[in-house]
Amino acid sequence: MIAEAGHYALVLALGLALIQSTVPILGARWSDHALMNVARSTALAQLLFVGCSFTALTMLHVVSDFSVVNVFENSHSMKPLLYKITGVWGNHEGSMLLWVLILALFGGLVAAFGNNLPLSLRAHVLAVQGWIAAAFYLFILVTSNPFLRIATPPIEGRDLNPVLQDIGLAVHPPMLYLGYVGFSISFSFAVAALIEGRIDAAWARWVRPWTLMAWIFLTLGIAMGSYWAYYELGWGGWWFWDPVENASLMPWLAGTALLHSAVVMEKRNALKVWTILLSILTFSLSLLGTFLVRSGVLTSVHAFATDPARGVFILLILCLFIGGSLSLYAWRASTLKQGGLFAPISREGALVLNNLFLTTACATVFIGTLYPLGLEVLTGDKISVGAPFFNLTFGPLFVPLLLAVPFGPLLAWKRGDLFGAAQRLMAAGVTALVAVAVLWAWIHGGATLAPLAIGLAVFVIAGALTDLAERAGLFRVALASAIARARGFPRATWGTAFAHAGVGIALIGIVCETTWNSEYIGMMKPSDVANVAGYQLKLDDIAQRQGPNFREMIAQFTVSRDGETIQVMTPSKRNFTTRSSSTTEAALLTRGASQLYISLGDTNADGAIAVRIYHKPLVLLIWWGPVLMAFGGLLSLSDRRLRVGAPKPAKAARALQPAE
Amino acid sequence: MTLWFMFALMTVAAIFAVLWPLSRGSSAPAGGDEAAVYKDQLAEVERDAAAGLIGVAEAEAARVEIGRRLLATADGQRDRPSRANLGLRRASAIVALVGLPIAAVTFYLSLGSPRLGDFPLASRTRTADVNQPIENMVAQVEAHLEKNPADGRGWTVLAPVLARLGRYDDAVRAYRNVITYAGDSAERRSDLGEVLAGAAGGVVTAEAKAEFERAVAQNAEEPKANYFLGLAAEQDGRQADAAAIWRGMLAKAPADAPWRPLLQAALARVDETAAPAVSGDAMAAARDTNEDDRSAMIRAMVDRLATRLKQNGNDVEGWLRLVRAYMVMGERDKAVSALAEARQAVAGDAEHLRQLNEGLKKLGLDG
Chain A
0 MIAEAGHYAL
10 VLALGLALIQ
20 STVPILGARW
30 SDHALMNVAR
40 STALAQLLFV
50 GCSFTALTML
60 HVVSDFSVVN
70 VFENSHSMKP
80 LLYKITGVWG
90 NHEGSMLLWV
100 LILALFGGLV
110 AAFGNNLPLS
120 LRAHVLAVQG
130 WIAAAFYLFI
140 LVTSNPFLRI
150 ATPPIEGRDL
160 NPVLQDIGLA
170 VHPPMLYLGY
180 VGFSISFSFA
190 VAALIEGRID
200 AAWARWVRPW
210 TLMAWIFLTL
220 GIAMGSYWAY
230 YELGWGGWWF
240 WDPVENASLM
250 PWLAGTALLH
260 SAVVMEKRNA
270 LKVWTILLSI
280 LTFSLSLLGT
290 FLVRSGVLTS
300 VHAFATDPAR
310 GVFILLILCL
320 FIGGSLSLYA
330 WRASTLKQGG
340 LFAPISREGA
350 LVLNNLFLTT
360 ACATVFIGTL
370 YPLGLEVLTG
380 DKISVGAPFF
390 NLTFGPLFVP
400 LLLAVPFGPL
410 LAWKRGDLFG
420 AAQRLMAAGV
430 TALVAVAVLW
440 AWIHGGATLA
450 PLAIGLAVFV
460 IAGALTDLAE
470 RAGLFRVALA
480 SAIARARGFP
490 RATWGTAFAH
500 AGVGIALIGI
510 VCETTWNSEY
520 IGMMKPSDVA
530 NVAGYQLKLD
540 DIAQRQGPNF
550 REMIAQFTVS
560 RDGETIQVMT
570 PSKRNFTTRS
580 SSTTEAALLT
590 RGASQLYISL
600 GDTNADGAIA
610 VRIYHKPLVL
620 LIWWGPVLMA
630 FGGLLSLSDR
640 RLRVGAPKPA
650 KAARALQPAE
Chain B
0 MTLWFMFALM
10 TVAAIFAVLW
20 PLSRGSSAPA
30 GGDEAAVYKD
40 QLAEVERDAA
50 AGLIGVAEAE
60 AARVEIGRRL
70 LATADGQRDR
80 PSRANLGLRR
90 ASAIVALVGL
100 PIAAVTFYLS
110 LGSPRLGDFP
120 LASRTRTADV
130 NQPIENMVAQ
140 VEAHLEKNPA
150 DGRGWTVLAP
160 VLARLGRYDD
170 AVRAYRNVIT
180 YAGDSAERRS
190 DLGEVLAGAA
200 GGVVTAEAKA
210 EFERAVAQNA
220 EEPKANYFLG
230 LAAEQDGRQA
240 DAAAIWRGML
250 AKAPADAPWR
260 PLLQAALARV
270 DETAAPAVSG
280 DAMAAARDTN
290 EDDRSAMIRA
300 MVDRLATRLK
310 QNGNDVEGWL
320 RLVRAYMVMG
330 ERDKAVSALA
340 EARQAVAGDA
350 EHLRQLNEGL
360 KKLGLDG
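Here the protein sequences come in this chain order: A and B.
If you read the first sequence in numbering that gives the first Met the number 0, its first letter stands for residue 0, the second for the next number, and so on.
If you read the second sequence in numbering that gives the first Met the number 0, its first letter stands for residue 0, the second for the next number, and so on.
Quick caveat, the hints were computed from the structure, so don't treat them as lab data.
Be aware that a few hints might be false.
[Stated by the list, open to error] DEER-style ranges, computed between Cβ atoms: (1) B:V335 <-> A:R578: 20 to 30 Å; (2) B:D270 <-> A:I154: 49 to 59 Å; (3) B:R89 <-> A:A342: 54 to 64 Å; (4) B:A34 <-> A:P343: 29 to 39 Å; (5) A:A386 <-> B:R342: 53 to 63 Å; (6) B:P260 <-> A:G236: 55 to 65 Å; (7) B:G98 <-> A:G323: 18 to 28 Å.
[Said to hold, decoys possible] 20 Å max Cα-Cα, derived SDA-like pairs, lysine to any residue: (8) B:K146 <-> A:Q555; (9) A:K524 <-> B:R175; (10) A:K336 <-> B:K146; (11) B:K146 <-> A:E551; (12) B:K223 <-> B:L262.
Positions of the beta carbon are idealized from the N, C-alpha and C atoms, including for glycine.
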């Protein structure tokens, strides 16, 4: 009964989505408030029904009801409870259900908290949400239904892919989906603005919290996924330029650009048409990511779906929404009023520069990801575009972007003073140069680019601090009053500084990890000792252990440095009988921001085991950076004050004053 | 019945969600508008200017800009006062009251299985589940052995059970522990060899062979080790050696040995493959002759087999051997024609035809 109730709830949600996508628009057309308000109650009811449906599927997984195909294929009665729950979205059908649940959640949030929106705008936004939701409900019900049944249920399930049996699955997909799907709100706002034919600074104010929320979740989701791949896949890498990773990076780059251009729009009423386009593109890239992962066109760890019917269906949704919204944009954009003007050198100009670099970076990732696919479709050749391409294109785009980052916040709105900003950044520049010089002296020789890259990172961090110091008037006014002024900062100012510093910190981690990473790969027998980066790792013992649904071989290493024992590390290799596959569980030892990483390979006949040991200096900074960025975003989100960009008055105005 | 009652409740809730705002009519509160945002922005400018975060001139410029935006909103009032459109409201109500339930139930019935009840694990374990007890016992013994890994007797009990359950990798480890903690013996070595071969999908690997050789070194008469050494010889393509080993075993074996039939079947297999006409001497001769002569001899054997099959076609094994021989000799055309002939010959017997098809599949030809 649980399964059927969940199934029916999903069908009802589809029905409600269809009503939500039509009635409010008619209401707005004839300005009937009652009809427009239908959007609100249907959005909330839809959330209720999808919530029921998702809860039903979760319950089915928890009680191991193998009469449901989805549970049979992806669960096992011996699996720990946590993985029974996370296994709900560890498969294609369940993860699509999570997708629509989050979509309904955002719709419900707009309905519940959108009191400050004009009635017709809210009706249009929710109607567009209804279109997206209806398309995806239909997709789920027709091609990937999680509630299909087996009349004679099997005794035991097929178990979840062992790689996914990890705490990472509990966090990464929900975060990522909150990010992906969150951008649907800015998309709906953009389409609603196009339909209504009016857009202004207030629009950006209304859409800001949604974009920020989506961006925060996407940032954390990507960082979490990267850390998960780092410790679970056992290669010690944290980013592989895998198409699935790129699929999440593209909306992030576009979303970051959107975040910045929306600021210009809210504060200065400029860049309006461009912001609308970015909103559309960001969600389109999210949809594209969903298509790439869900249709199975890519074969990688994440692609569990290989049914062509699904691929074609998602492709249709993709064409409908991207094509439809872009056509609407082409048709209506010219009717939107242009906004405020600004000089090329100004805060607005800096943000335009930021947008240019971010969208270009996004385009290169797009090409690098889709070109091999296109080529395969056209000629049948399988090529892979790997790290070299992305490093060569991404690096040159990000260096000038990062150089420009500290300048942006220091420029005035409307017309800025580049020379003045450069003067104020002198201290940051000097700090960066000192960092480069010290590093150079310290490592003498070796990688040339690494100290320069770290210098750049230091410049970004110092630049963020300079901005704060400048605003507080530090060194210009008394310390006490500077602190008082800093207290009075809008939280968004702190948010900007944290987010920008986060970029620098992540860059330091990336450079250190790639340049000074040391490794040991070899066969080891008990009581053998490996020396890596000044640490001695002694293999004490290899033992076997039975887990709930796997057996594991655990190796125990004693780590010591200069004769002093630090800790015991126990990497293991798990064997899952049901899927007859195995996973490596790397052991991590954190020392400050650096990590020792051990992963096990195969054993050979005489009891020796293949071991990979890495020492990764400052590797954790790679993830602390994004966390800091997300924290900055959170600060900005918590700041409910209005954003005003006070324009710098032209000097000419003063020259026109009557002479004495 | 409860299920349909629940469906009805859910449907009512869905309908209510649509009808409720319609019934409230125009009394619903209107939303916010742009003017509110700009007024707040003006207040913000005042606060920032008072706190000294922006200069006086900038604040004035900002005020002017925001004022301009505020004026612009006054031109286009967004939310016009509500005009009740009764026709549309009625149509929406009808869609919700009639269309929604009909569409939902129709769509659901085409996909769902309302007659299937729940089958949670808890209610299923009460019914027959033969595998569960033994696996639980194995898990208990394994847990015990983790704490006492030097318990040789425990490993001796566990190892054969693991082998029977098909967990060969674990069985290999278990037998190694048996040898370590409960003492070495020819029998245990050959058991270890057997699970090693099992882990390799039935192939006697070099590792497994080494174990059998160790077993034979301890006890030359150990039947399992000898049998597998023969199998190793067969898999290496040394049919004569295999036959010799097995024949020797049969000669020495007691008349009531339970493995006699297995050995006889194996012997029959290699004897046939080695072709009845070719004795050990002939093979030795074949090894000495040069390449051309040898291939001529093989060809002669194959032709003989083909002739025999033409006379008596009801020999599936024979046909398969013939097809395999043609494939090995690189004569695919002949293999295909032999295949067709074989199909014709055994067409009358469904069981034979099935065997033939399975054999062909193994050879990599379509079945």
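Does the structure break any of the earlier hints, and which numbers would those be?
1, 2, 10
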